[in-house]
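J.: Sequence:
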Amino acid sequence: MKIAKIIVDIPLMQTDKPFTYQIPKELSALTEVGMRVHVPFGAGNRLVQGIIVEILEHLISSKATSGLKKIAELLDVTPVLTKEQLWLADEMRHHVFSYKISCLKAMLPSLLNSNYDKLFQDEKGNQWYSSKLSDEEKLEFTKRAARHELSVTYLAKSKENRKVEKFISVLDHEKLALFEVKKAAKKRDEFKRFLLRHFGEKIPVKNLAFSHAQVKFFIDQGLIEIKEVEISRTRALFDAVSADKAKKLNEEQKKAFDQIISSVERPYLLEGITGSGKTEVYLHVIAHFLALGKTALLLVPEISLTPQMSERFIARFGDQVAIMHSGLSDGEKYDEWRKIKMQKARVVVGARSAIFAPVDQIGVIIIDEEHETSYKQDSSPRYHARDIALLRAKWHHAALVLGSATPSLESRARAMKGNYQLLRLNQRANEAAVLPEVKIVDMRSQINDQAANFSQLLLEKIREKLARNEQVILMLNKRGYSSFVMCRECGFVVQCPNCDISLTLHMDTRTLNCHYCGHVQGIPQRCPNCQAKKIRYYGSGTQKVQEELEQLMPEVKILRMDVDTTRTKHAHEKILKKFGDGEADILLGTQMIAKGLDFPNVTLVGVINADTGLNLPDFRASERSFELLMQVSGRAGRAEKKGEVLIQTFNPEHYAIKLAKEQNYERFYEAEMKFRKNLSYPPYYFTVQVMISHKDESIAIQKAYEIADLIKRQLSEKAKILGPTPRPIARTHNLFHYQILVKYRFETQLEAALNEVLELTQLKENKELRVIIDSEPQNFI
DNA sequence: AGCACGCCGACT
DNA sequence: GTCGGCGTGCTC
Numbered sequence: 001m002k003i004a005k006i007i008v009d010i011p012l013m014q015t016d017k018p019f020t021y022q023i024p025k026e027l028s029a030l031t032e033v034g035m036r037v038h039v040p041f042g043a044g045n046r047l048v049q050g051i052i053v054e055i056l057e058h059l060i061s062s063k064a065t066s067g068l069k070k071i072a073e074l075l076d077v078t079p080v081l082t083k084e085q086l087w088l089a090d091e092m093r094h095h096v097f098s099y100k101i102s103c104l105k106a107m108l109p110s111l112l113n114s115n116y117d118k119l120f121q122d123e124k125g126n127q128w129y130s131s132k133l134s135d136e137e138k139l140e141f142t143k144r145a146a147r148h149e150l151s152v153t154y155l156a157k158s159k160e161n162r163k164v165e166k167f168i169s170v171l172d173h174e175k176l177a178l179f180e181v182k183k184a185a186k187k188r189d190e191f192k193r194f195l196l197r198h199f200g201e202k203i204p205v206k207n208l209a210f211s212h213a214q215v216k217f218f219i220d221q222g223l224i225e226i227k228e229v230e231i232s233r234t235r236a237l238f239d240a241v242s243a244d245k246a247k248k249l250n251e252e253q254k255k256a257f258d259q260i261i262s263s264v265e266r267p268y269l270l271e272g273i274t275g276s277g278k279t280e281v282y283l284h285v286i287a288h289f290l291a292l293g294k295t296a297l298l299l300v301p302e303i304s305l306t307p308q309m310s311e312r313f314i315a316r317f318g319d320q321v322a323i324m325h326s327g328l329s330d331g332e333k334y335d336e337w338r339k340i341k342m343q344k345a346r347v348v349v350g351a352r353s354a355i356f357a358p359v360d361q362i363g364v365i366i367i368d369e370e371h372e373t374s375y376k377q378d379s380s381p382r383y384h385a386r387d388i389a390l391l392r393a394k395w396h397h398a399a400l401v402l403g404s405a406t407p408s409l410e411s412r413a414r415a416m417k418g419n420y421q422l423l424r425l426n427q428r429a430n431e432a433a434v435l436p437e438v439k440i441v442d443m444r445s446q447i448n449d450q451a452a453n454f455s456q457l458l459l460e461k462i463r464e465k466l467a468r469n470e471q472v473i474l475m476l477n478k479r480g481y482s483s484f485v486m487c488r489e490c491g492f493v494v495q496c497p498n499c500d501i502s503l504t505l506h507m508d509t510r511t512l513n514c515h516y517c518g519h520v521q522g523i524p525q526r527c528p529n530c531q532a533k534k535i536r537y538y539g540s541g542t543q544k545v546q547e548e549l550e551q552l553m554p555e556v557k558i559l560r561m562d563v564d565t566t567r568t569k570h571a572h573e574k575i576l577k578k579f580g581d582g583e584a585d586i587l588l589g590t591q592m593i594a595k596g597l598d599f600p601n602v603t604l605v606g607v608i609n610a611d612t613g614l615n616l617p618d619f620r621a622s623e624r625s626f627e628l629l630m631q632v633s634g635r636a637g638r639a640e641k642k643g644e645v646l647i648q649t650f651n652p653e654h655y656a657i658k659l660a661k662e663q664n665y666e667r668f669y670e671a672e673m674k675f676r677k678n679l680s681y682p683p684y685y686f687t688v689q690v691m692i693s694h695k696d697e698s699i700a701i702q703k704a705y706e707i708a709d710l711i712k713r714q715l716s717e718k719a720k721i722l723g724p725t726p727r728p729i730a731r732t733h734n735l736f737h738y739q740i741l742v743k744y745r746f747e748t749q750l751e752a753a754l755n756e757v758l759e760l761t762q763l764k765e766n767k768e769l770r771v772i773i774d775s776e777p778q779n780f781i
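Be aware that the first sequence starts at 1, since it is given in full-length UniProt numbering, and climbs by one per residue.
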């Protein structure tokens with residue numbers, strides 16, 4: 001007899017282990033590891049989805065095995081998860097401190113999840129679906145079921161659906177031609193002639209000029225039939241793109257290319273300045289491996305996976321490309337996933353989660369902009385795509401390329417140690433393009449009452465460029481910065497009632513919003529504290545800057561791009577297209593405008609406030625600011641016209657800003673490494689963050705100390721534990737947050753200690769305690 | 001999660 | 001006595 005080990009889809013500590021089920025005889029030959037199943041679970045035998053992770057053969061059915069429940073239903077004909085993916089989930093679990101089922105589900109499109117329902121039936125055969133009942137009705141029906149007045153059937157159904165389109169095909173041309181319609185039936189005659197004209201074609205039923213009754217009549221006469229053909233929901237993405245040929249690599253690019261294809265021994269760190277043509281190297285490398293019959297995986301940050309970016313890959317590799325990012329609907333994601341699964345796609349281009357794409361025979365994995373923090377998922381399972389990429393490259397003996405103009409310190413340090421091989425691109429691929437000139441404006445010496453956000457120099461430069469019909473990009477580094485409302489009289493700042501944070505002003509809706517819990521309230525007329533009518537608006541959101549600029553230059557057309565203007569589905573693209581088409585003079589936005597945009601007519605980039613990211617309570621604050629300034633500077637002078645960059649700052653002496661001006665990654669790396677070494681931060685130390693939340697602050701503190709103690713006891717003297725300290729935003733959603741940061745180098749007991757912390761949260765006395773463990777956290781705010 | 005079991009107070 | 005409230009513990 002065969003039995004199966006199954007991970008059930010109930011993400012809880014208590015159920016986070018394989019459950020054993022009998023495989024019914026009739027399913028025995030069809031069942032494979034990696035398939036989804038429905039299994040009866042718990043006392044009521046309700047159906048839940050599960051994933052088979054192991055199949056065991058039992059020659060004799062013992063008492064122990066015959067008592068096992070049976071798998072109720074197989075959901076797949078072929079496994080949805082490969083052996084490799086099951087292995088990845090195992091490996092992942094050692095450092096993400098999440099449930100196995102969450103790891104497994106991170107690899108599957110959400111359409112493969114099941115919907116659950118319950119069917120109540122009485123003796124007369126009346127039926128009620130639980131999902132369609134109100135809460136009171138549900139309670140009543142449950143009670144009646146307990147009294148055996150009703151029977152209960154558990155239902156589970158996979159959400160999986162494929163889009164099909166119906167086509168008419170004419171069965172027999174001659175027969176149709178000879179078919180006589182009655183004289184009065186003009187419409188039928190018309191339809192008949194239409195069908196004859198389109199004989200041999202697949203005629204879509206959709207948008208047909210003839211009614212359903214017409215179609216039915218001809219079907220009933222046995223003249224035509226309707227066929228359902230599965231169609232791809234993402235088809236449209238690919239059709240519009242025209243093919244493109246490979247460009248010739250320059251000497252530097254060629255060298256990098258030759259290295260990458262020569263060995264899979266070590267990962268490559270491809271360090272190339274903005275405009276040095278990294279993407280073209282990727283395209284060549286991918287083409288090389290495709291020619292060898294292998295596949296390729298390319299990750300890009302979500303934000304830069306614009307249609308232009310996808311198009312570049314589709315243009316080069318056509319139908320073989322699958323695109324995966326969060327902008328796709330669930331159906332579209334599923335279709336792309338299936339394309340990969342059925343081996344129709346051999347190049348996967350996608351954001352973070354695409355690292356799990358079920359491609360086989362991987363030749364190369366490329367992570368572009370590898371320093372981007374978006375490669376780390378900030379909700380459970382908290383994996384880093386780079387770590388998964390290392391595992392997959394090992395499994396497939398594939399080349400791994402990490403590309404960036406400003407590599408993360410972690411990666412660059414590994415390259416210096418020889419764990420990665422460093423490849424450099426120092427020239428701009430377009431030789432006509434010269435590096436932009438970067439200037440720093442010291443805002444401390446600016447006294448400008450009407451326009452606090454703009455220095456004289458920046459205003460002059462904007463006017464100068466616009467007079468020449470050139471375009472300007474202005475960036476507002478909004479991180480940790482937002483506009484707020486304060487009372488001029490007593491200094492009172494309106495705060496969120498649930499979170500310890502000031503509310504952000506939104507002028508378009510005339511409301512105060514909390515960016516953490518979503519609380520919305522009106523703007524008070526009088527100060528809630530002192531009743532004075534002196535409520536004033538402070539800080540500079542993009543809206544405020546836009547207004548300021550519009551007052552200074554009323555004739556200028558400004559496009560604003562931030563979270564508020566890009567909320568709708570294609571807003572992002574539309575704004576960029578408008579700007580690219582020259583419909584506006586200035587593009588004003590938050591950091592989302594810093595990434596990968598290429599507008600040849602832009603000759604000035606202004607950074608309104610370079611400082612705001614600098615003083616955040618995060619050891620990566622300087623690294624982030626430096627990266628951002630380097631990136632945004634790269635937006636100027638992409639073509640023949642010379643570009644200028646102006647950085648406004650209150651900290652002109654700060655090394656991140658000075659070195660960004662010099663465009664000097666090398667020196668920044670050295671300076672930052674010194675700082676990290678002195679304070680024992682990555683890449684010298686590994687980090688784990690433990691976040692503890694409770695609605696009662698004193699309990700949060702007490703538990704935080706307990707947990708810190710528990711960890712401390714199991715670590716060596718060399719490990720350093722910071723905290724517990726309140727989180728930078730100490731209260732959100734009516735919970736108090738505390739954090740512990742563990743810095744360590746080699747600690748064999750750490751994983752066990754952290755698992756023990758998780759065990760602790762299972763105790764009933766800790767029911768209201770929330771603990772999150774984040775290995776190598778990327779964000780501290 | 002969601003279901004059963006069990007212990008307690010309020011009620012026919 | 002017994003119905004139904006909710007706290008507790010378990011699910012192959």
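You may find that some hints are simply not true.
What the hints assert, rightly or not - The following label-pair restraints were derived from C-beta to C-beta distances:
(1) THR509 <-> LYS577: 21 to 29 Å
(2) MET553 <-> GLN361: 22 to 30 Å
(3) VAL205 <-> THR509: 17 to 25 Å
(4) LYS569 <-> PRO524: 29 to 37 Å
(5) GLY200 <-> ASP244: 30 to 38 Å
(6) GLN521 <-> GLN361: 32 to 40 Å
(7) GLU756 <-> ASP598: 44 to 52 Å
(8) MET553 <-> LYS394: 54 to 62 Å
(9) GLN427 <-> LEU12: 25 to 33 Å
(10) LYS17 <-> GLY200: 53 to 61 Å
(11) HIS58 <-> LYS394: 29 to 37 Å
Unchecked claim - In silico lysine-lysine, BS3-like type, Cα no more than 25 Å apart, as pairs:
(12) LYS206 <-> LYS186
(13) LYS658 <-> LYS461
(14) LYS157 <-> LYS183
(15) LYS661 <-> LYS743
No wet-lab data here; the hints were simulated from the structure. Keep in mind that this is a model prediction, so the values were computed, not measured. For each residue, glycine too, the CB sits at the ideal point set by N, CA and C.
J.: Would you mind marking each hint as holding or not holding in the structure?
T.: Hints and how they fare:
no., hint, in the structure
1, THR509 <-> LYS577: 21 to 29 Å, "26 Å, holds"
2, MET553 <-> GLN361: 22 to 30 Å, "57 Å, violated"
3, VAL205 <-> THR509: 17 to 25 Å, "44 Å, violated"
4, LYS569 <-> PRO524: 29 to 37 Å, "35 Å, holds"
5, GLY200 <-> ASP244: 30 to 38 Å, "34 Å, holds"
6, GLN521 <-> GLN361: 32 to 40 Å, "56 Å, violated"
7, GLU756 <-> ASP598: 44 to 52 Å, "51 Å, holds"
8, MET553 <-> LYS394: 54 to 62 Å, "56 Å, holds"
9, GLN427 <-> LEU12: 25 to 33 Å, "55 Å, violated"
10, LYS17 <-> GLY200: 53 to 61 Å, "58 Å, holds"
11, HIS58 <-> LYS394: 29 to 37 Å, "34 Å, holds"
12, LYS206 <-> LYS186, "22 Å, holds"
13, LYS658 <-> LYS461, "21 Å, holds"
14, LYS157 <-> LYS183, "51 Å, violated"
15, LYS661 <-> LYS743, "32 Å, violated"
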